[in-house]
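Protein chains in written order, with UniProt numbering: chain A, 1 to 472; chain B, 1 to 472; chain C, 1 to 472; chain D, 1 to 472.
Take the hints with a grain of salt, since some may be wrong.
No copy is singled out in the list; a pair is fine if it fits within one copy or between any two copies.
Listed below are the simulated EDC-like cross-link pairs for lysine to aspartate or glutamate, each with C-alpha atoms no more than 20 Å apart in a straight line [what the hints assert, rightly or not]:
1. 455 - 120
2. 215 - 204
3. 378 - 49
4. 408 - 359
5. 454 - 174
Bear in mind the hints are in silico, worked out from the structure with no lab data behind them. Keep in mind it's a predicted model, so treat the numbers as computed, not measured.
Next come the chains, spelled out residue by residue.
Number of protein chains: 4
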Amino acid sequence: MIPNVLAERYSSASMNDIWSAEGRIVLEREYWIAVMKAQRDLGLDISDEAIAAYEKVKNQVDVASIMARERVTRHDVKARIEEFNGLSGFEDIHKGLTSRDLTENVEQLQVFRGLLVIREKVVATLRRMRERAEQWDDIVLTARTHNVAAQPTTLGKRIAMFGEELLSGYQVLEDVIAGYAVRGLKGAVGTQMDQLSLFEGDAEKVSELERRIVKHLGISQQWSNVGQVYPRSLDLRVVSVLTELASGPSSFCKTLRLMAGNETASEGFAPGQTGSSAMPHKMNSRSCERVNGFHVILKGYLAMAAGLAGDQWNEGDVSCSVVRRVMLPDAFFALDGMFETYLTILDQMDAYEGVIAAETARYLPFLMTTTVMMEAVKRGVGRETAHKVIKEHAVATVADLRTGAVEKNNLLDRLAEDGRLALTRNELEEILKRGDREVGSAKSQVKFFSGEVKKLEEKWPEAAAYGPGVIL
Amino acid sequence: MIPNVLAERYSSASMNDIWSAEGRIVLEREYWIAVMKAQRDLGLDISDEAIAAYEKVKNQVDVASIMARERVTRHDVKARIEEFNGLSGFEDIHKGLTSRDLTENVEQLQVFRGLLVIREKVVATLRRMRERAEQWDDIVLTARTHNVAAQPTTLGKRIAMFGEELLSGYQVLEDVIAGYAVRGLKGAVGTQMDQLSLFEGDAEKVSELERRIVKHLGISQQWSNVGQVYPRSLDLRVVSVLTELASGPSSFCKTLRLMAGNETASEGFAPGQTGSSAMPHKMNSRSCERVNGFHVILKGYLAMAAGLAGDQWNEGDVSCSVVRRVMLPDAFFALDGMFETYLTILDQMDAYEGVIAAETARYLPFLMTTTVMMEAVKRGVGRETAHKVIKEHAVATVADLRTGAVEKNNLLDRLAEDGRLALTRNELEEILKRGDREVGSAKSQVKFFSGEVKKLEEKWPEAAAYGPGVIL
Amino acid sequence: MIPNVLAERYSSASMNDIWSAEGRIVLEREYWIAVMKAQRDLGLDISDEAIAAYEKVKNQVDVASIMARERVTRHDVKARIEEFNGLSGFEDIHKGLTSRDLTENVEQLQVFRGLLVIREKVVATLRRMRERAEQWDDIVLTARTHNVAAQPTTLGKRIAMFGEELLSGYQVLEDVIAGYAVRGLKGAVGTQMDQLSLFEGDAEKVSELERRIVKHLGISQQWSNVGQVYPRSLDLRVVSVLTELASGPSSFCKTLRLMAGNETASEGFAPGQTGSSAMPHKMNSRSCERVNGFHVILKGYLAMAAGLAGDQWNEGDVSCSVVRRVMLPDAFFALDGMFETYLTILDQMDAYEGVIAAETARYLPFLMTTTVMMEAVKRGVGRETAHKVIKEHAVATVADLRTGAVEKNNLLDRLAEDGRLALTRNELEEILKRGDREVGSAKSQVKFFSGEVKKLEEKWPEAAAYGPGVIL
Amino acid sequence: MIPNVLAERYSSASMNDIWSAEGRIVLEREYWIAVMKAQRDLGLDISDEAIAAYEKVKNQVDVASIMARERVTRHDVKARIEEFNGLSGFEDIHKGLTSRDLTENVEQLQVFRGLLVIREKVVATLRRMRERAEQWDDIVLTARTHNVAAQPTTLGKRIAMFGEELLSGYQVLEDVIAGYAVRGLKGAVGTQMDQLSLFEGDAEKVSELERRIVKHLGISQQWSNVGQVYPRSLDLRVVSVLTELASGPSSFCKTLRLMAGNETASEGFAPGQTGSSAMPHKMNSRSCERVNGFHVILKGYLAMAAGLAGDQWNEGDVSCSVVRRVMLPDAFFALDGMFETYLTILDQMDAYEGVIAAETARYLPFLMTTTVMMEAVKRGVGRETAHKVIKEHAVATVADLRTGAVEKNNLLDRLAEDGRLALTRNELEEILKRGDREVGSAKSQVKFFSGEVKKLEEKWPEAAAYGPGVIL
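Same shape as in the complex, but just chain A (with noise of 0.2 Å):
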């Protein structure tokens, strides 16, 4: 059999079983106890008897004997429900149902369960970020604009950046769980007709009848005017979300990937791992590649979520249904995956201090331009006339730096003898002195991010506490 390449490979146990074949099956058939029990309760003819008969065959599940039933009917739907009669024996089950009162509610509760799974993983990571961005927050780092040396930031900030990015999807997401509305036992096309048939058009029971399968769901809100399916942009709306949630970490990925190529930082190399089959030598951001590639994957699966919007012929259909069977797994299988995996790099990675204090160093005059361009300003030099003059000076120093004509940045010699920018040698030196501490205001935005993270360890302690699995 060709295994779910994301599900073996990258996603998590727990993501797995929510997906599982067989998993499905039970939730399905338990769907379907808890709809007999209530229509009982409800007055409807259907024997205790039956409904024993029923759970104690519900964990028997024979995928290979479903799919042959399949062949027959090319419905799966009707291939289970034969299945599960032909095991207890009795034809009780599905009453006044159509297939999507049991899959639809079904398919929503594990994307249900899919998002609460997430928001573990985000909670985890968001800790270890803001542990990060604790642990470095002294480090004076080169901050990079164009990939180029701009200004001085801290590492912590750095970090602290991207994990403002996943706090933010974090409210996102608890907006989409918060209003997240399964569709209810709502009939062929959705007007329930043949649940009222049943219960001789007592409306009220009916809804009683729904209210008791919601809450069986455990899932809150409902909507209340569908046809046979709910709409697919809630869907949409779920992949969205994934994929904002892997944008954060995808960035970091990105930064930590760069960082590696400066030799700044790197992802760290387990014991026994091999970079290269071919150079020995080499320690790749393999995992941060793989962040970036699930984030790839994930824009796909936006692309099929986005493909079923908006596409809903009159009360529905299954144009939907093989794409919802590859893209609701498969893009919670690599979130699942990506956060698994950026939980390592966050638990692993390394950072190198000397040669951040090199790179640093080395920038240090051209870092510290605008603070020369404030000082000029301050001595009442016009704003565009000094950054003329210092932009004169740098674009000459870094070509005689690249050429060799120089050997050391001496732009801070250059300003000093240009009268137009009103300041002294003398001043000039103090404001590189202090340039290696001018971080601004990174240590009070670290701070906060701290402090906004600390409030969700609080929320949701377990999920702060998980750790993730070993990664291929």
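On the provided structure of chain A, position chains B, C and D as indicated by the hints.
Below, chains B, C and D without anything else, positioned relative to chain A:
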């Protein structure tokens, strides 16, 4: 000049104003002035004369002159700085700012205002869908699944079904608006270093400055840890909700195109309108088709937004720039154009009660097969057994109808003659008789939808009253 | 274990074999052996005994053992090297190779073979479309534009129309196959440095080695300048053509779903099949809907492929790895599954001539309005004038029909009474009379399509004879 | 008016001319005139006077007047017919035509001409890449995989690597151009019924008419079986190749952004250019970033194109219309703008040989580990054993370098002291000494690339000589 086709042909003036080049330049200048005033109030040496000079020229927008400057600097913001300085005769704007301190905030303001316009259109749309759902609450309609006759519903319920999808999207839109955080005044790499330089390291003053600027923008949420840019997953979130909002209308329009094919409804036809330049008799669902086209367009911009998310290198760069110049306005134009079109459809659409009734009459025996099955089940027949018997006769009836072997749907006769169902001809005739009123919970569902929408109409009366412009 | 749902439920054995884990490991081992043999023949010190030892164990595939090794090395290829060495007792494979010297070529072999399987299915599909087009060449059908009646065509022509789209895609597939270049043996960064080291700098020997390996693979084209990886835009090209090939079938299936809604045709219904678990009478276009679902899936994999293209950093890395593990097999499974489904539809579909004829009769006066206009034009009436007059009457007729004001389509009467058209009642009746045979060039177009397809059937007789497996 | 930002800021005049509203209207009018002339020659009663009257006014394009008409008809083609008739005083255009007989062919002409412009840019780009590859053929460079030092290559080879990707895309572009088929004059549903009416059923005349019109367009291939529209998978094919063509340049630009981060190369800096409005020293890869942005944009249009393919209902409708109005021109603008930007980068980029040499010196012992391994293997050491030994020492060396435990890369010493490798210090020094010239097949690979490109330059000398306009 080549116009933006979405803005020119489809979107409304209120949306176009937000994104016009001239309007944006004025927004930027107002922003710069707000910064100068706050900086002055907090102690920076900026003269009232300078501020007055800037204010005087702020509406003198000469796009061509700015473009000429940009061709030299190859830097759009630098060009706009120079232009505004040139007009005013001062060099006092943009102190301590990086370009993104300006552009991120101004673009976020455009996005935010765009979201507010969209909210207005959503509410206006919901009102019309409510009205249509109420208006046609009594029209019994053949609900279709897999595009073929299934069970009865009402036309009102069908509209409420797509309406509730939009209503659900409305909640997400409100969440996005409420959580929409502006980047603020964070400096070149996010540490506020230059503002701190300007204010001699006084963090409280810098915080106060930022508070004033954010207040000027009118957006309540704010990022704390950012680099040069705010996280692009926020753009993804925005374009996702835009795409989600288009989904209910898109599904409705696909369904209306299907109904036009059966002549049960149409999008209407304006006086003077031409359906086809070749075929004079044609009255086409061209506006519905256009709505579906807008959905495809939005999915393309969603792919662009997804392409930017998770791709931040270090503290940021402009690899997102050209994408956002296209994607952000065009996604808003597309959705705004979609709502203008869709509102027009809702205003002009027709339902053909006679055709609808004829369709229901033709399919009635089929529409009631589940009821027949439920009645048999209540008489003790096994559910799957009943299903099998009815299927046998229904399939044979369809075949005979299509070949012409029978003229009229005689399924009832066949069922009456089959003892396995335990239903007499009289009982079956009873079922059929009540069939064209058997719409289950459809009415109460529509009532629920109406109630929810009315709450919004009360909350946003002006929006609810909005009427679309004339569409092409 | 969680299975790959596409492989398990939809794609055929011939496609699954290409992508199975075990099959791939054997492909890799054969590749290593081919390299060793060539290296030995060109002078490297590799003993026949070693090669024999590897050959003896090459089919001993123990996936679990390899996974256990990978959990240590965190490097999949290193794990497979160690496993194969362990089995054979030698260390002679992978000399001078980097992992990608192995995996790129083997994966390209999988892709290439996948394309050949797809070509077979395309030819088989075209044959069936040709047969159906010929079979129904005489059935006059109401062509629809905007989903409403337009002009007459034939059912055969409608099929040929979608068939010609697939035929056009076939040409692109042939181009892709012919231009598909394999990466070859290029070493860690593409310079072949290690092979050159092994062969003491003898470039001719290294070229010969590569030639032999490429010959072993059976692919004629080869890259010259690559890094560690071949350009990922080649994957994009492959997934693009897969998506394109799904498009004609997808449009056909949407149209068949529409026709089922009007009962003019259906995808058929197998003995024992169940349409709906709720509604016994349903015979649904579930296979057509599935084909449309596969198209949505492919568009998701296309987004993944596009996400990898243009994203190569330097000489390459593995950020593409997890994506390609999912996207490449799954895109092939999806398209293969689509063709299996679509071939089944083509075999089982039905057309209902009586219903088709009744539809044409109902719309006939409308279908002929362009002919009326042409005849008026030939009599000297201005084209736009004639258009206006006919539109006026046609729109009124439609309105009267829908309200029940008239029972029968009396457009002809209205036109006959309007002098502006310069056509007598007799002339109009003549036009109408020939209307149900007025299918223009439809027959000659079908003939053209048949001829083109027959050429392919002669070229690929085995493929043309292919029949689908039993679908779920 | 809101301009199309892609056309206004990025694409060239030759591309903009193809897609301008005015230009398109003239194309349409020329097309109508060509049809009239052919119809007249084949016997239709159209006077020379009428044709002359149309020809006289064909360049009088009043977009506003047409828009005013469209606001009444809600049909764009009908509005343009009425306008042209109004200007000429005749009603002889569009006889026997449906709108799509006009617009499909004219839009395909635009696409086709767009492809020819792109081909020109591709050839111009390949020429420059060839020149750069040759120019820097001798610069030994540290090739990077996973963004860290791997083995030596040359800068020329790196450029040729991305160049060969574009060259491969060029072949696909040629295939697409050669196979690009125009819809032709097929009438409202593809059966040519109205032309056959006009010509009294004379099929030969209708064929001849179509031949003349296709000849007028200058496109050699032609569809035979179509409905109202040509298959939209052809648009997908076009946008796919546009996206593919952007991929090599996009990867090159990502790599140049990475090189700028290590100061080994840069995209250059024009006189007067400003890198940052805040930081005067910045010289950013803003044009490279823009190229990457264009790639993201194209992937969005690819999603739109994919959204249209496979979605044809019956003989077609206009659900694709608004999408194609946006996607087709904008995809061409984006790719054209990308080439303009990329050509500028190729013209202005710099390589810093001193920095490159210093980098190679620093990493040299690592770059040669595979050679060490190969030499050990040749001395009989097991491949995996040698790998293990070298990895051990290399990992330790890296760690010591990063912590500062050692100052200089002393891997060679460590290897020399380890007996397991069977290599003397002298032998190791030999390997290292030749290391900075060990670029394997790099030079012959570049030569191969040059040769292939020169063939194209000879074939298309004018295109090869094309120089980009001044970019913003």
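Verification of the hints:
1. Taking the shortest alpha-carbon separations for residue 455 and residue 120, only the intra-copy value of 14 Å comes in at or below 20 Å, while the best inter-copy value is 35 Å.
2. Only within a single protomer do residue 215 and residue 204 lie at most 20 Å apart by alpha-carbon distance; the minimum there is 16 Å, versus 51 Å between protomers.
3. When the C-alpha separation of residue 378 and residue 49 is checked against a cutoff of 20 Å, the pair qualifies only between copies, where the shortest distance is 18 Å, while the shortest distance within a copy is 89 Å.
4. When the C-alpha separation of residue 408 and residue 359 is checked against a cutoff of 20 Å, the pair qualifies both within a copy, at 13 Å, and between copies, at 17 Å.
5. When the C-alpha separation of residue 454 and residue 174 is checked against a cutoff of 20 Å, the pair qualifies only within one copy, where the shortest distance is 17 Å, while the shortest distance between copies is 27 Å.
The structure meets every hint from the earlier list without exception.
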